[in-house]
Structures are given as C-alpha cells and as structure tokens.
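The hints should help you fit chain B onto chain A, whose structure is shown.
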Amino acid sequence: MSRTSCTTEPQELLQYWLGELDEPHESRLDEHLFACSACSERLRTIVDLGAAIRSEFASGTLNVVLPEPFIRAVKQAGLRVREYTLDPGGSVACTVTPDDDLVVAYLHAPLRDVRRLDILIDDTTSGKHRANDVAFDPARNGLVAVTSTSYLRTLGYSQQRVRLVAVDGADERVIGDYTFNHSPS
Amino acid sequence: MFSLAAVTPYPSRMSIAASDAEDDAALARRIIGCAPDRDAAAEAELCRRLGPRIRLYGLKHLRDKASAADLMQDVLVMVLQKLREGSVREPERVASFVLGTARQMVVDGRRSGRRRVRILEAFPIDLMPPDEEAPEPLDTGRLQNCLAALPERERAVLVMTFYDDRPADAVAADLGLSAGNVRVIRHRGLERLRGCIELSGAAT
Chain A
196 MSRTSCTTEP QELLQYWLGE LDEPHESRLD EHLFACSACS ERLRTIVDLG AAIRSEFASG
256 TLNVVLPEPF IRAVKQAGLR VREYTLDPGG SVACTVTPDD DLVVAYLHAP LRDVRRLDIL
316 IDDTTSGKHR ANDVAFDPAR NGLVAVTSTS YLRTLGYSQQ RVRLVAVDGA DERVIGDYTF
376 NHSPS
Chain B
844 MFSLAAVTPY PSRMSIAASD AEDDAALARR IIGCAPDRDA AAEAELCRRL GPRIRLYGLK
904 HLRDKASAAD LMQDVLVMVL QKLREGSVRE PERVASFVLG TARQMVVDGR RSGRRRVRIL
964 EAFPIDLMPP DEEAPEPLDT GRLQNCLAAL PERERAVLVM TFYDDRPADA VAADLGLSAG
1024 NVRVIRHRGL ERLRGCIELS GAAT
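The listed protein sequences derive, respectively, from chains A and B. Numbering of the first sequence is given in this note's numbering, commencing with residue 196 and proceeding in unit increments. Numbering of the second sequence is given in this note's numbering, commencing with residue 844 and proceeding in unit increments.
Treat each hint with caution, since some may be false.
Unchecked claim - The list that follows gives simulated cross-link-like pairs (lysine-lysine, DSS-like), each with its CA atoms no further than 27 Å apart: (1) B:Lys908 x B:Lys925; (2) B:Lys925 x B:Lys903; (3) B:Lys908 x A:Lys270; (4) A:Lys270 x B:Lys903.
As the list claims (entries may be wrong) - From the derived model, a few chain A residues whose C-beta atoms are all more than 12 Å from chain B: (5) Pro205; (6) Ser250; (7) Cys289.
No wet-lab data here; the hints were simulated from the structure. Glycine included, every Cβ here is placed at the ideal spot set by N, Cα and C.
Looking at chain A on its own, in the form it has when it is part of the complex:
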C-alpha cells in the first residue's frame, strides 16, 4: 500500500484537513493516511503550501482584496494593520512604517446590484493595472484592498488613483474613484 502512488484527490485531502468531512469519512481517511505514506506525503505537501501562503500574507507581500470581517479577524489574531477609509471621490495621505504588517484601504461603495467588480489602478510609480473580478460581498457596501507592504516600502512620494468598476457583460459602470497620496515614513 505504501509503495503505490496516492489515489486520494487533493480536494478530499484538503477537506479532511479543514474538518469539512463527516465523522465516518474523516475516520476512514485517518486510517488510510496512517497506512499510506504516499497520501500522507501528498497531504503534507498541501499543508506546507497552505503554511507558505499564510506566511506570505502575514509578511505583507500580497496584493489582495478581502472582506472586512476577515481583516477584523487577522487584527484580533495580532497582525498590525495600518488602515485608511475612503468614500467615493475621497483622497488620503498615506504611508507605511516598519511596524506595519499590513496596509489596508476600506473603500466604501454601493455594491448591492453589482455582479462583477473590477479595480483599475493608475500608479505614478508602477503604471496602470487592472484587477478583474475581485472577491466582494454585495451586502457590505464596500471592500478592503490590501496592498503589499514590501512594494509600498520601495515607494518614494507617489500617487495611486483607484477606480471601482461594475461589469455586466459588455457594460461597465464607474462605482467610485479614490486617491492615495503616498509618502515614505
């Protein structure tokens, strides 16, 4: 058994790891993993990859849009979060310090009828970017953009203009514009 390749799907192993399986199913996998080194190794690979993703996020290297309750949870877990809150049309003077684990922007916006949301970024340092189909909850009327602190720490004085765009088929509608005026700490 231990010398064959693993036939358990990664999806099932991840569900096992996250406690999503019912008890009999989990128990069967417990048994299998103890008898099958190939599946045990596959699970370990997934767990290691998850730990690496966690580490990248916690060290602030990722640009990612996340919901507000999740940011609240990471703050409660002890990450130091620098926060900026903007309404549509708003601008803010911002920075990053050596003490910040994450820098986040709460972008308020009416999202109730939005199906797909894209973010357009015009950065005086790195140019224009577009993030397509970001994750958001239409019921929350806003989202949280996490910007890589590693990137922010490389910036001098610079400006980032951010536009939220609702996309519905070929139609696009501007939801809000936001301006960040960055200065080094």
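Positioned in the frame of chain A, the structure of chain B alone reads:
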C-alpha cells in the same frame, strides 16, 4: 529536562538504506521477533516511516506544532514499548495500532505533565526521527509570482482558507457565497498554484 538532542543521533537515511524496502508490518515483526533484545535498525526505520504521519495527525487534531511533535514522540515510545513487550497481536495492522494510540492520546490528553515525564524516564528512547524531516522548502519568489498570477477571487479564497485553516462555510459567510462555490474556487486556485509552482520550478 529530557532532550532528544542529547541521546544517540538518529541514523542517517544512508545507513538504513537496507531497511527502506521493508513495510511497516515487516518492521513490526522484526521488532517483536528480536525481543527481549532490540533490533535498533528496525525500530529506527519504523520511527522514520511512522513519525511524519503521527505528526501530521497531531497537527490536524491539535493545531499546534509543539503539541504535534510531543504527540509523535509519545506515540512512538508507546508503540515501540508494546512491540517489544509482544503486546501487539497483529503486526500486519501496526498502522491501525499506531492510529488508535494517537487517537487515544489526543482524546484523553495524556501527553502532558507528569505522566509524560514518567514514560520517557522509564523508557529511554534514542530513535526519534528529527522534528522536521521537511521536504525542500518552497521558493519564496516563485510562490509570490504564482500567487500574484492567480485570478483575484482564487487568491482571496486561498488566503482566507489558509490564514487560519478555515473551512469553506466560514470563508463563504465572509464573502456572501455558498460553501460549494468557495470549494470550487479553492480547488481551482490550489491546482493552478501548484501547476504554476511546478512549471516555474521545471523552467529554472
């Protein structure tokens, strides 16, 4: 304080190469057959094979690296003791026996305090696998590039999943999605990420 570092070093993989082809049951039979003497090579190989599986089980159920390492040590001590005593009646099911021992130790919380010290003092061990017989660490730059290349939703769902090992329903509640939808995004994201890491690894 008991220290594993202070006892006989764990044999290198090179020195136990002759045992690599043996499976768990054959190793268990060797240990039983050798009692009251010790077959140190068989014990070391059994620990090398089972240790990571016990540690992984401990990580899943205890969610703490140090506790998982303690569990691994305690279970291996107990299993070797039972094998040497001849109390494992079905050596061909030694993996099940190890799982049962691990389950019991997690359930009744016997891994801490005075009992643990007593076991270790009464049953000196010198065969523990190293704490981290870890695979090659992921290339950080490659991982960052591959995470950046993911579709936005997949990156968000993977971060939300792995930051605190959260199940799909918890992630779904934060995103206003169904748990099934989160599982689909998570699966796609993980596969895409693994593919990207393998591809960029092969290209270097």
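Hint-by-hint comparison with the structure:
1. B:Lys908 x B:Lys925: holds, 26 Å
2. B:Lys925 x B:Lys903: Cα-Cα ~25 Å, so holds.
3. B:Lys908 x A:Lys270: holds, 22 Å
4. A:Lys270 x B:Lys903: holds, 24 Å
5. Pro205: Violated, because the least Cβ-Cβ distance between A:Pro205 and chain B comes to about 7 Å, which does not exceed 12 Å.
6. Ser250: The assertion about A:Ser250 is violated, with a minimum of 9 Å to chain B.
7. Cys289: Consistent with the label, A:Cys289 stays out of reach of chain B, its closest Cβ about 22 Å off (over 12 Å).
Hints 5, 6 from the earlier list are contradicted by this structure; the remaining hints agree with it.
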